[in-house]
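As a plain string of letters, each chain reads:
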Amino acid sequence: MSDSFLQLGLSAPPLNGDSLDAELFASAEKALVEGLRAAREEAYEELIQRFQQPVYNTVYRMLNDPNDASDVVQEVFFRVFRRIHAFRGESSLKTWIYRIAVNEACNRRRYFQRHIRQELALDAGSTEGWNPEDTLAVDGRSPFDEVLGREQHELLQYALSRINPVYRAAVILRDIEELSYEEIADVLQVALGTVKSRILRGREALKAEYLQVSVESPVLTLSPQHAE
Amino acid sequence: MGSDVHSWRRWLSAPRLDKAGGAISRSVDREENTLSPELDHLRKQLRGMPRLRPSERESLQLRILASKARVRALRYKDWPSTFRYLLARFTLHNDNLMKPIAVPAVGGLVAALVLFLLLAPVYPVRTVNAASLDVPTRLSTSASVKTMASFTSVERPVNVLVQVNNEGRVVGYLIEESDDALLNEAVRRQIEQILLFTVFTPATNFGLPCAGEVRISVDSNVVLVQG
Numbered sequence: 001m002s003d004s005f006l007q008l009g010l011s012a013p014p015l016n017g018d019s020l021d022a023e024l025f026a027s028a029e030k031a032l033v034e035g036l037r038a039a040r041e042e043a044y045e046e047l048i049q050r051f052q053q054p055v056y057n058t059v060y061r062m063l064n065d066p067n068d069a070s071d072v073v074q075e076v077f078f079r080v081f082r083r084i085h086a087f088r089g090e091s092s093l094k095t096w097i098y099r100i101a102v103n104e105a106c107n108r109r110r111y112f113q114r115h116i117r118q119e120l121a122l123d124a125g126s127t128e129g130w131n132p133e134d135t136l137a138v139d140g141r142s143p144f145d146e147v148l149g150r151e152q153h154e155l156l157q158y159a160l161s162r163i164n165p166v167y168r169a170a171v172i173l174r175d176i177e178e179l180s181y182e183e184i185a186d187v188l189q190v191a192l193g194t195v196k197s198r199i200l201r202g203r204e205a206l207k208a209e210y211l212q213v214s215v216e217s218p219v220l221t222l223s224p225q226h227a228e
Numbered sequence: 001m002g003s004d005v006h007s008w009r010r011w012l013s014a015p016r017l018d019k020a021g022g023a024i025s026r027s028v029d030r031e032e033n034t035l036s037p038e039l040d041h042l043r044k045q046l047r048g049m050p051r052l053r054p055s056e057r058e059s060l061q062l063r064i065l066a067s068k069a070r071v072r073a074l075r076y077k078d079w080p081s082t083f084r085y086l087l088a089r090f091t092l093h094n095d096n097l098m099k100p101i102a103v104p105a106v107g108g109l110v111a112a113l114v115l116f117l118l119l120a121p122v123y124p125v126r127t128v129n130a131a132s133l134d135v136p137t138r139l140s141t142s143a144s145v146k147t148m149a150s151f152t153s154v155e156r157p158v159n160v161l162v163q164v165n166n167e168g169r170v171v172g173y174l175i176e177e178s179d180d181a182l183l184n185e186a187v188r189r190q191i192e193q194i195l196l197f198t199v200f201t202p203a204t205n206f207g208l209p210c211a212g213e214v215r216i217s218v219d220s221n222v223v224l225v226q227g
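If you read the protein sequences in the order shown, they are chains A and B. The opening residue of the first sequence carries number 1 in the working numbering; numbering runs sequentially from there. The opening residue of the second sequence carries number 1 in the working numbering; numbering runs sequentially from there.
Keep in mind the hints are simulated off the structure, nothing from the lab. This structure is a prediction, so every number in the text was calculated from the model and none was measured. Even glycine gets a Cβ: it sits at the ideal position worked out from N, Cα and C. This list has only true hints and no planted wrong ones.
Label pairs and their calculated CB-CB ranges:
#1 A:89 to B:106: 52 to 60 Å
#2 B:93 to A:154: 54 to 62 Å
#3 B:76 to A:110: 30 to 38 Å
#4 B:77 to A:182: 28 to 36 Å
#5 A:64 to B:67: 26 to 34 Å
#6 B:75 to A:215: 56 to 64 Å
#7 B:82 to A:158: 45 to 53 Å
Straight-line C-alpha distance at most 25 Å; calculated SDA-like pairs for lysine to any residue:
#8 A:207 to A:151
#9 B:44 to A:157
#10 B:77 to A:92
#11 B:68 to B:55
Partial pick of chain B residues on the chain A-facing surface, computed with a CB cut under 10 Å:
#12 35
#13 44
#14 51
#15 58
#16 63
#17 72
Here chain B stands alone, though its shape is the one from the complex (with noise of 0.2 Å):
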């Protein structure tokens, strides 16, 4: 085997040597033979140029990069020796990496975890009603009532038809249905004492306060508001 090699490596470096000797030529061009003297005795020049050869370090550093690569090669070489390759990493990380944070990652969270049962029953929690934080987002709401005067009533049921300005104020009002309202004038008086004790919230038109009506119904000890 080791004639093998050797007549392989001399095969291979058999243009050099054939070269040093002088004797032949791998590309005899006419171009070469029809030079100048001048560049004849320059290429000859060329020609004897001393070859450079690397260092020893640099040849080592050399067969140490061929080395890696080789390492490198064997190591994606096909699936299986990507598959060991990458199962051997995550065994080194998992025995030099995991082995040693595990019992103090344990510990820290089984010790959260016990204080959390301590304090959880008696950790005070709160309640908050959404419903009451909720802001409406139309762009227009219509006058609403906000407090009643409840000190008056009136006999018999009466609907009136509010108009209140942008402050909330009772500007004017219309008695829409009732048997005698409009000829009773103390009914009308009780009927203007209530709007006048009463709170609206006035209409808005995007976020702005407007006017508008509300509609709301009277009765002996009632009073409805319909919208």
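Extracted from the complex, chain A is given alone in its bound form (with noise of 0.2 Å):
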């Protein structure tokens, strides 16, 4: 294991507004881009490592489907790895990876509208990717707040599909993936004001349509019975 990206010995997280921190995470970024350039096969695993689950959870959440996900995903990387030699560095890689991420995910959703829009998968409700944690996970809460907090995220997931895709892309990278202003208008390729200004809006859109899908299909139904 002689790469340099993985020798550089560093242990501290680059947050902590210390300019030598973030020469460091220049630094170990640029020595992961070379890895790849050099095809080696430890920095594959540590792009994969480190950017399939926030990729994929930013291009289902602008999707809203699991199979489009799944393949915007394998479109990202295999985008990634065959223009890493195009990659000039001039924004980091977490940005370019999200770039192409959401360029993905809008293409896709394009083609949906145009092609494909009543098409059924026929491996719903497989419980091939079911995982025995995903249902016994324990962290405290109560099974009602467990349902409850699902029906909200299952209604906010809806409402996020139902707003305008340009403040959706911009609301998902802030909120859900906590990028920083600058990050999004790099992701997004816009002005930092644009950023603000969608993020803004798509708040409002957001909660507007939340409101109302509430309103539709209320997260829980009581329905209040006698004693007997």
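Fit chain to chain and form the complex, with the hints in mind.
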């Protein structure tokens, strides 16, 4: 394991405002890019471990379809692997990958709207990816809170899928992926003021949609009965 | 070395850990702190949404994709690698495709060659006279003599300019050079008999026959066509 990006010996997170940490982070990212260009197996593994989940999460939130999200994630990483030599380092690797993911998700959504509006997945309901830990998670919450939170998240996801895709991307990147404004501007390739405007309008639109969806199908429907 | 890997991974995943803890935010903006309670609640709900993870099968597919991409990157890494790959591909094709068909191909070629050598000497070869098939491509041609009547002759050489119509018939003639042809009735009759039984090819203009002239020289025993 003689790779330079693995021998940096870094331990401190680059979030404490120290310029030295930022430089080390940049050098680590550069080493990762160099490892990818040199086709080192460790670099590929690290890239997947680092970015597969956030890319999947972002794409899923934008498309609201697990099958499409899986396909788009494959496309995103395929493009990253193929185009890593064209990465000039003008932006960070993270924003570059997010940019590809957002663009691919938008392309997928347009293609879906044009061609396959009504398509049923054959493996819907498949338990292949089922993990017992998903249902046996113990985090101290009661079953009621668990169900309530899940219903709220589903409604929120549904409301999220109904707002303008331009605003949706900005809100997802900011409030779910928690990217900074500068990073979002880099991902979406718009000005910083535009990012703030989109996020604000997206939140307002999401709030309106969420309220409407909550009225149409409330989270819990109580049916009081007389005690016997 | 394991600790290096661990520290590097921990460092890269640091933003996610901090976010989960909620202690540090990468971007502190004043707009975020002045949100309305409803929007702030909505933002908290969004941040509280579960982190979706791809299934094991999707992760495996992605690793397969990465493996293929890595092999491809190594294949075209530089010119020697590309050359080695192409050479290996050629060797593979040569071993698996060319060798199995080499014996049948050579056998067929040899059989065809032997048959050709056996049959070539006995095969009748026709020669074609290309000159006989030549068709003039000129736009206009002059009249010419097709067949000449040779049963009569004159005593002295006479040059005659014959006028031929578009059907190849003689419509008139002019004795250009002679000593006493105009005065000798017998000679004139002999010339007229020669012209009467002579077949002319009419002149043509753009492929259509038209009237023309042909100059012939009648001697005592030969008739020369002068053009």
